[in-house]
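Chemist: Residues per chain, in single letters:
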Amino acid sequence: KAGVTQTPRYLIKTRGQQVTLSCSPISGHRSVSWYQQTPGQGLQFLFEYFSETQRNKGNFPGRFSGRQFSNSRSEMNVSTLELGDSALYLCASSLGLAGLIEYNEQFFGPGTRLTVL
Amino acid sequence: TQLLEQSPQFLSIQEGENLTVYCNSSSVFSSLQWYRQEPGEGPVLLVTVVTGGEVKKLKRLTFQFGDARKDSSLHITAAQPGDTGLYLCAGGSSASKIIFGSGTRLSIRP
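Chains A and B, in that order, give the protein sequences. Count along the first sequence starting at 1, add 797, and that's the number in this note's numbering. Count along the second sequence starting at 1, add 331, and that's the number in this note's numbering.
What the hints contain is simulated information worked out from the structure, not anything from laboratory work. There may be inaccurate statements among the hints.
[Unchecked claim] No more than 25 Å apart at the CA atoms, straight line, and that leaves these computed lysine to any residue pairs for SDA-like:
| hint | chain 1 | residue 1 | chain 2 | residue 2 |
| --- | --- | --- | --- | --- |
| 1 | B | K428 | A | T811 |
| 2 | B | K428 | A | Q814 |
| 3 | B | K401 | A | S819 |
| 4 | B | K388 | B | E346 |
| 5 | B | K428 | A | L894 |
| 6 | B | K428 | A | K810 |
| 7 | B | K428 | A | R812 |
| 8 | B | K387 | A | L892 |
| 9 | B | K387 | A | Y900 |
| 10 | B | K428 | A | R864 |
| 11 | B | K428 | A | V913 |
| 12 | B | K388 | A | E902 |
| 13 | B | K387 | A | R864 |
| 14 | A | K854 | B | K390 |
| 15 | B | K390 | A | Y900 |
| 16 | B | K401 | A | G839 |
| 17 | B | K390 | A | N901 |
| 18 | B | K388 | A | R870 |
[As the list claims (entries may be wrong)] From chain B, some residues computed to sit far from chain A (all C-beta separations above 10 Å):
| hint | residue |
| --- | --- |
| 19 | P339 |
| 20 | S343 |
| 21 | N349 |
| 22 | L350 |
| 23 | T351 |
| 24 | Q364 |
| 25 | E372 |
| 26 | L389 |
| 27 | K390 |
| 28 | G397 |
| 29 | T408 |
| 30 | G422 |
| 31 | G423 |
| 32 | S433 |
| 33 | I439 |
Note that the coordinates shown come from a computational prediction; the quantities given were computed from them, not determined experimentally. All residues carry an ideal CB built from backbone N, CA and C; glycine is no exception.
The following block holds chain A by itself, in its conformation from the complex:
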């Protein structure tokens, strides 16, 4: 069974540009969650999509957006990039809503390392 895949693995952008990251969940998983990981702030929740609908959102500005397609694949977009957006962006998939952790195990992808210059 293939795991969660994320593309690209590495990305370098400049301030003001926008970027789109992609996540393919484990087959059959309907929930995809996105996280930002930085040395200073740790792992922070961005948003969760379930059956193409955003079900939960973290405390990030509107420059961060996402969507989920009918095949459960998800994309995350960051517009008007800032230096502080440099981070490892992780995607995780689960069968059901990720917050119900006693019932659903989240499987993480390897992440996309975004560097903003």
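Fit chain B to the known structure of chain A by using the hints.
Modeler: Just chain B now, with coordinates in the frame of chain A:
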């Protein structure tokens, strides 16, 4: 706002030693999880504890959920270099979100 604080932030010990990592909060969590993350990879789930006072063992790793469901600990016996990594605790919140702790970076010296 529910927060999870982990201690210590960094830990470097000799192979064969024992260690304990803590995950604390002022809030009650319905359940807690522990993950390990290795460089270049995403976190991997180690265990989920759901009952206050619950103790779970995974080979040399022992996980405990506090009676009041506000804290958890991870104890590693006879640490090995393969235990090196970032250990993260995570709690299921009232808003159906997962909240991650600040992390403990563990290094085991051969």
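Chemist: Take the hints in turn and mark each one as holding or not.
Modeler: The hints, checked one at a time:
Only pairs whose Cα atoms come within 25 Å are accepted, and K428/B paired with T811/A is rejected, the gap being roughly 32 Å. A hinted pair counts as satisfied when its Cα atoms are at most 25 Å apart, and K428/B with Q814/A does not qualify at roughly 30 Å. At roughly 35 Å between alpha-carbon atoms, K401/B and S819/A are farther apart than 25 Å, so this suggested pair is violated. Distance hint between K388/B and E346/B is fulfilled; the C-alpha atoms sit about 20 Å from each other, no more than 25 Å.
Distance check on the hinted pair: K428/B and L894/A sit about 9 Å apart at the alpha-carbon level, within 25 Å; holds. About 30 Å separates the Cα atoms of K428/B and K810/A, which puts this hinted pair outside 25 Å; it is violated. Between the alpha carbons of K428/B and R812/A the distance comes to roughly 30 Å, so the proposed pair goes past 25 Å and is violated. This hinted pair checks out: K387/B and L892/A have alpha carbons roughly 24 Å apart, not beyond 25 Å.
Using a Cα cut-off of 25 Å, the hinted pair K387/B and Y900/A holds, with the two alpha carbons roughly 17 Å apart. Between K428/B and R864/A the CA atoms are separated by roughly 18 Å; this keeps the pair inside 25 Å, and the hint holds. For the given pair, K428/B sits about 28 Å from V913/A by alpha-carbon distance, which is inconsistent with the 25 Å threshold. A distance of roughly 18 Å separates the Cα atoms of K388/B and E902/A; the hinted pair therefore holds under the 25 Å criterion.
Of the pairs offered as hints, the one joining K387/B and R864/A is violated, with about 37 Å between alpha carbons and a cut-off of 25 Å exceeded. Of the pairs offered as hints, the one joining K854/A and K390/B is violated, with about 36 Å between alpha carbons and a cut-off of 25 Å exceeded. The hinted pair formed by K390/B and Y900/A meets the criterion: a straight-line CA distance of about 23 Å does not exceed 25 Å. Between the alpha carbons of K401/B and G839/A the distance comes to roughly 20 Å, so the proposed pair stays at or under 25 Å and holds.
With a CA separation close to 23 Å, the supplied pair K390/B and N901/A stays within the 25 Å bound. Between K388/B and R870/A the CA atoms are separated by roughly 35 Å; this puts the pair beyond 25 Å, and the hint is violated. Distance to chain A confirms P339/B as a non-interface residue, since its nearest Cβ pair spans about 14 Å, more than 10 Å. The Cβ of S343/B lies farther than 10 Å from every Cβ of chain A, with a closest approach of about 17 Å, so its non-interface assignment holds.
Consistency note on N349/B: stated as away from chain A, and its beta-carbon is indeed over 10 Å from all of that chain's, at 26 Å minimum. Even its closest Cβ contact with chain A, about 20 Å, leaves L350/B beyond 10 Å, as expected for a residue assigned away from the interface. Every beta carbon of chain A lies more than 10 Å from that of T351/B, the smallest distance being close to 20 Å; the non-interface claim holds. At roughly 6 Å from the closest C-beta of chain A, the C-beta of Q364/B falls inside 10 Å, breaking its exclusion from the interface.
In this structure E372/B is not separated from chain A by more than 10 Å, as the shortest Cβ-Cβ distance comes to only about 5 Å. Remark: the non-interface label on L389/B is consistent with the geometry, its nearest Cβ contact in chain A lying 14 Å away (cut-off 10 Å). Against chain A, the non-interface label of K390/B holds: every CB pair exceeds 10 Å, the least being about 19 Å. At roughly 16 Å, the least C-beta separation between G397/B and chain A is larger than 10 Å, which holds for a residue marked as non-interface.
T408/B, annotated as away from the interface, keeps every beta carbon of chain A farther than 10 Å; the closest lies near 25 Å. Against the 10 Å criterion, G422/B falls within the reach of chain A, whose nearest CB is about 8 Å from its own CB. Not every CB of chain A lies more than 10 Å from the CB of G423/B, the least distance being 4 Å, so the non-interface label is violated. With a cut of 10 Å on Cβ distances, S433/B falls inside the contact zone with chain A, its closest approach being about 5 Å.
Against the 10 Å criterion, I439/B stays outside the reach of chain A, whose nearest CB is about 21 Å from its own CB.
Against the hints set out earlier in the document, violations occur for numbers 1, 2, 3, 6, 7, 11, 13, 14, 18, 24, 25, 30, 31, 32.
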